[in-house]
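Chains A and B supply the protein sequences, listed in that same order. For the first sequence, our numbering begins at 1 and goes up steadily by one. For the second sequence, our numbering begins at 283 and goes up steadily by one.
The hints are simulated quantities; they were obtained by calculation from the structure and are not laboratory data. One or more hints might be untrue.
Interface residues of chain B toward chain A, partial, derived using beta-carbon atoms under 10 Å [what the hints assert, rightly or not]:
no., residue
1, Asp402
2, Met482
3, Trp529
4, Trp574
5, Gly578
Treat the numbers as computed from the prediction; the structure is a model and nothing was measured. Beta carbons are placed, not taken as given, at the ideal position from N, Cα and C, and that holds for glycine.
Here is what each chain is made of, one letter per residue.
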Amino acid sequence: MSELLEKASAALGVPEALTKRSAEARAAETGADVDEVLAGWAGDAPPPEAAAPPSEPEEAEPEEPAAETPAEPDAAEPEPAAAPAATPEVVVEVPQPEPVPAGGAPAFAAAARPPVLVGVRDDPVPVLAGVVGLFLIVVLVGLVGPALPFDPPGARSSEIPTSGLAQEGKEIYSTLGCSFCHTQMVRPVVADVGLGAVTLQDTNQVLGLRRFGPDLSDVGSRMTSTQIEAVIGGLGGHPPHSLAAEDLQALTAYLSESQTSPDEPAPADQDTSAVSGEESDA
Amino acid sequence: MAKDQHIRATPAEGGDRIATAHFVAGAAFLVLGGFAETLALLSIRFDGMFPISYGRLEPMANLTLMIGFGVLSLLGGIYYTLPRLTGTRLWRPELAGVGLVAIATLVLAGLAAIALGLGDGRTPLSLPWWLDLPMLGALAVPFLVTTGSILRREEPRMFVTLWFVLGGVTWLPLLYLAHFTGDLPFVSSVTVAYADVFLMAGFVTMFLLTVGTGLAYFSVARELDVPLASRQLALVGFWSLGIAAGWWGVAQLVFGPGPTWLAGVAAALGLAFPIGALVNAANVSLSLEGSWARLGERPGVLAGITGLYLGAGVALLAAFAGFRSVASVVALTGFWEAIEYAFLAGVGPLLVAASAFSAVPRVTGRRLHTPARARSFVRLTLVGVIGVVVTMGGAGLLTGYAWIGGSNSAAFIDAGEGWARSSTGSVEALWLVAIGFAVVTLFGHLAYASAVLGTMTRGEATTQEILVTVGASDE
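Start from the sequences, fold in the hints, and give me the full structure.
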């Protein structure tokens with residue numbers, strides 16, 4: 001068998017292991033002996049009858065350049081190529097025992113010839129340089145530019161002085177993911193009228209991107225600590241958060257100190273039911 | 283079951299084995315992410331329904347869909363495609379394997395950290411810095427493997443897919459690095475906000491769409507044996523997607539505390555997004571000229587073209603939402619949530635499927651199990667995502683108009699609340715319908731995972747694709 005295998009392999013131009021596997025598969029499919037199949041492929045004997053024309057293992061044809069420019073509808077043939085590239089790696093289709101439906105093409109018959117996948121000669125290094133260069137431009141436009149300070153000296157500041165406890169509360173605010181539902185960003189638009197002073201570029205608040213709950217930039221001017229604690233605990237439809245006492249205290253301190261209109265009279269410490277409509281904006 | 287159990291497919295080796303592993307891991311994360319996203323939407327509509335709130339569920343869903351599914355699955359497509367376009371084996375497949383394990387582990391660790399309240403609260407992923415740093419390293423691995431393979435290529439001519447792949451794997455770690463700057467202690471809150479939107483926008487345009495489109499070009503040409511209609515169009519689409527990343531993130535913060543020049547300049551740049559997406563979709567359509575009738579028997583190609591057009595449509599919405607007049611209504615609302623959902627749960631999976639439904643059967647030597655299931659994935663995902671975009675986007679519009687009508691102020695002072703009150707019921711009803719469509723999408727995700735995993739375990743034996751070295755006497 002080894003001699004037959006060697007001959008068949010040489011005839012087909014593929015490694016012996018693949019030839020052997022293919023022959024075994026063909027033999028299983030046709031009920032013939034492996035040697036008969038190999039002999040057929042080696043040219044010593046006619047190949048055994050199969051349910052469909054045998055699709056022998058074959059190398060992928062050398063790649064040819066494809067017409068990547070708009071092709072004529074009926075002109076899918078590749079343009080004449082320069083010399084095919086020396087490709088040490090190829091794709092080999094190993095026939096498996098599935099019989100080909102009568103009149104139908106093998107499932108991946110086209111895959112053995114990949115000329116449509118060839119482009120033009122290109123150097124990836126300039127492409128890489130262009131990719132990095134574009135990224136730098138995008139960073140300048142989308143990140144650095146917007147973040148540059150532009151407030152003239154002496155302009156009103158929206159930075160809010162916070163205590164040490166409130167700083168801890170800000171951390172808790174972040175880890176709880178509050179900014180996924182709440183903004184701390186008042187915009188100069190009609191929609192934000194009544195939410196407090198417009199947020200400036202020098203803010204130290206967590207801006208947020210969604211407002212499924214109310215904006216909290218100025219919540220300290222609107223609600224008392226008791227009310228804020230009650231909402232965090234689940235009042236007014238707010239998802240209840242079970243926090244340790246010290247964490248709740250810190251978070252409450254942070255929100256209480258979030259005041260962009262501190263000149264407003266502080267709200268009276270009233271019944272917590274007064275805030276039941278707090279979360280109705282989602 | 284396979285008809286001939288005694289005929290065993292040759293186990294995939296090297297790069298193909300790694301590619302398959304990426305597809306499998308990605309499919310698992312897609313189901314997990316789709317489930318988490320549905321829970322997140324439910325948690326908005328039904329406050330307090332779950333032990334963890336939307337603020338943690340949403341970044342968990344984002345992490346799973348973006349990194350767990352999107353990155354891993356597209357890397358599977360890249361690792362499958364590279365040897366076939368470069369004429370050389372994948373460079374350092376063992377390094378790619380390490381990257382897979384590292385990314386999957388970090389995603390799981392990130393999910394645990396966020397659930398336990400250890401996240402940093404930054405959109406979109408909320409990963410703490412001690413997970414951000416190793417993630418940055420893990421995301422650099424695909425860049426090394428890809429550039430290593432391309433630079434060692436034997437095929438001097440580059441099919442356009444290599445441009446998209448090279449761009450995507452280069453931009454991904456750079457995007458993450460730019461986002462990581464927001465973790466530095468000295469940066470301002472405004473910088474953090476822009477870094478956050480930059481990652482989401484950049485991920486969608488510079489990685490998800492870029493790599494997904496490049497792989498779709500490969501799959502269409504390969505499956506249908508048709509040449510690419512236009513290399514020039516493909517390159518226009520490629521660079522346009524890159525440019526678009528600079529804007530549609532910033533668009534969410536129009537009227538925010540950024541420079542005023544930004545809105546005008548960036549609105550113009552924002553048009554690059556739909557242009558890039560449309561150009562690619564049109565290019566594939568032109569390539570399919572004369573082959574449209576064969577889409578039914580090629581679910582991968584069907585998924586690819588569907589994903590490209592869905593992406594173009596949602597990109598149009600994103601560009602639309604970036605104009606100042608529109609942004610004054612829809613910014614900060616569910617409108618943008620709908621856009622992000624469409625890309626992560628719809629466009630991404632469809633483009634990934636274009637590659638997976640073509641690669642997995644070839645590498646494993648098994649027929650797609652089953653084409654009908656694969657087509658169901660396309661249908662369910664398309665219907666579900668369009669439904670979510672329409673209903674959630676509509677809810678966002680209503681919410682925005684309600685704010686203009688005075689609902690923000692009405693929460694605290696008695697002013698102009700009539701229109702707001704009347705719209706609240708409609709918004710809640712739309713959210714409920716959106717959740718229903720999200721469940722439809724989830725079933726689509728299940729169909730995708732079932733098709734990929736079913737192909738590997740139960741697909742009928744068929745032609746297998748094996749990479750060999752020409753001239754070797756044996757393996």
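Taking the hints in turn, this is what the structure says about them:
Checking Asp402 (chain B) against chain A: minimum C-beta separation of about 6 Å stays under 10 Å; hint holds. Contact between Met482 (chain B) and chain A, as hinted, is supported at the beta carbon level, the nearest pair being about 9 Å apart and thus within 10 Å. Restraint check, Trp529 (chain B) versus chain A: the minimum CB separation of about 7 Å is within 10 Å; hint holds. For Trp574 (chain B), the shortest C-beta to C-beta distance to chain A is roughly 12 Å, which exceeds 10 Å, and the interface hint is violated.
Against a cut-off of 10 Å between C-beta atoms, the interface hint on Gly578 (chain B) is violated, since the closest Cβ of chain A lies about 15 Å away.
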